[in-house]
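**Student:** Work out the full structure: start from the sequences and follow the hints.
Residue-level listing of the chains:
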Amino acid sequence: MWAELGLSVLAAAEAAEGSGGSVGSGGPAPGEMHPLLRYVLTASVYVLCAGMAMCLFRLTVGPELADRVLAADLLSLHVVGLTVVLTIYIGDLVFFDAALVVAIIGFVSTVGFSQYIFATAQRTGDDGRSLDPAAGPGGSEGRIG
Amino acid sequence: MSAWSDIVAAGFVLVGLFFFFVGAIGVVRLPDTYHRLHAATKAQTLGLVGLLVGVMFHIGTGAVDAKVITVIVFLFTAGPVGSHMLAKAALRVGDRQWKGTLSDEHAEDGLS
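Which chain is which? The protein sequence lines are B and D, in order. As numbered in the numbering used here, residues 4 to 148 make up the first sequence, in order. As numbered in the numbering used here, residues 233 to 344 make up the second sequence, in order.
These are computed hints drawn from the structure, not numbers from a lab. Backbone N, C-alpha and C fix where the C-beta goes; we use that ideal spot for every residue, glycine too. Be careful, since some hints might not be right.
Claimed, not checked - A few chain D residues facing chain B, derived, Cβ under 7 Å: (1) Ala241; (2) Leu246; (3) Phe253; (4) Ala256; (5) Thr265; (6) Arg268; (7) Leu269; (8) Ala272; (9) Val287; (10) Asp297; (11) Lys299; (12) Val303; (13) Gly314; (14) Ala321; (15) Arg324.
To be verified - What the simulated footprint calls covered on chain B by chain D, stretch by stretch (three residues with Cβ under 8 Å from a Cβ of chain D suffice, anywhere in the stretch; the number is not a length): (16) 72 to 78; (17) 106 to 118.
**Tutor:** Shown next, in the form of structure tokens:
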């Protein structure tokens, strides 16, 4: 039942792509592949969705802000992986540019959130003492058990 | 495409899925932020490279190869840069470390 569900998801995406034929010449026809590759792609949908669920778990409970940013970055790369699987399945490059765009957006959002975390940190000088008058000295916190 | 290139593509996709899954498990299970960064960055880069090489073997035209190599070069550049910035920011705000951490040279030098 579950394998049929995964195949139907991929087939629906293929139907939505339409029967316009391959843009690039020389590639395989849409949906034409070895049965082993078809099984692997069906399994890959479930593996990637399980990975996305794990990333959502860390995005929800992550104790630090950096954990949430890391989980969002890994989530965007799982989306890229799903797009690449779809590209293999339909045998055409129409969705491959979306993979590149999602990868770039994920990288830029990671850099932006890193700058945000860095900017909200307590400012310390070169000697490790705080530059903010009201705050204590900066430094690493205690270690968790 | 022939059957053999599809079988090779299936092998590369399986390798990529393995790395993706290991990275996701590491993000859930590892004890602190720096361990999770270590798991996520390497696993996601290698996993996506596996899937992209699978695309190269399945389709195999010149346009596909050019785009796949572009994406692989971008990933190998962007992944380490992004995770390094994130780790530096986490050190700066003082994210707590695992109690089994052996060496923290950043704190011993009086930084962070």
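**Student:** Give a verdict on every hint.
**Tutor:** Hints versus structure:
1. Of the supplied interface hints, the one on Ala241 of chain D holds, with its beta-carbon coming within about 6 Å of a beta-carbon of chain B, less than 7 Å.
2. With a least beta-carbon distance of about 6 Å to chain B, the hint placing Leu246 of chain D at the interface is held under the 7 Å criterion.
3. Residue-level restraint check for Phe253 of chain D holds (minimum Cβ-Cβ distance to chain B is 5 Å; threshold 7 Å).
4. Taking 7 Å as the C-beta cut-off, the interface hint given for Ala256 of chain D holds, the closest approach to chain B being about 4 Å.
5. Interface hint status for Thr265 of chain D: upheld, as the beta-carbon distance to the closest one in chain B is roughly 5 Å, under 7 Å.
6. Here the hint on Arg268 of chain D is kept, as its CB sits about 6 Å from the closest CB of chain B, short of 7 Å.
7. With 7 Å as the threshold, the beta carbon of Leu269 of chain D comes within range of chain B, its nearest partner Cβ sitting at about 6 Å, so the hint holds.
8. Because the beta carbon of Ala272 of chain D sits about 5 Å from the nearest beta carbon in chain B, less than 7 Å, this interface hint is met.
9. The interface hint given for Val287 of chain D is met, as the beta carbon of that residue sits about 6 Å from the closest beta carbon of chain B, less than 7 Å.
10. A hinted interface residue such as Asp297 of chain D counts as satisfied when its beta carbon comes closer than 7 Å to some beta carbon of chain B; here the least separation is about 11 Å, so the hint is violated.
11. With its C-beta approaching chain B no nearer than about 6 Å, Lys299 of chain D sits inside the 7 Å limit, and its interface hint holds.
12. Taken as an interface hint, Val303 of chain D checks out: its beta carbon lies about 6 Å from the nearest beta carbon of chain B, inside 7 Å.
13. Restraint check, Gly314 of chain D versus chain B: the minimum CB separation of about 4 Å is within 7 Å; hint holds.
14. Using the Cβ-Cβ criterion of 7 Å, the hint placing Ala321 of chain D at the interface with chain B is satisfied: the shortest such distance is roughly 4 Å.
15. At its closest, the beta carbon of Arg324 of chain D sits 4 Å from a beta carbon of chain B; the interface hint therefore holds under the 7 Å criterion.
16. Only residues whose C-beta sits within less than 8 Å of a C-beta in chain D count toward coverage, and the stretch 72 to 78 of chain B has 5 of them, enough to reach three; the restraint holds.
17. Here's how the stretch 106 to 118 of chain B fares: 8 of its residues keep a CB closer than 8 Å to some CB of chain D, so the rule of at least three is met and the hint holds.
Consistency with the previously given hints fails for number 10 only.
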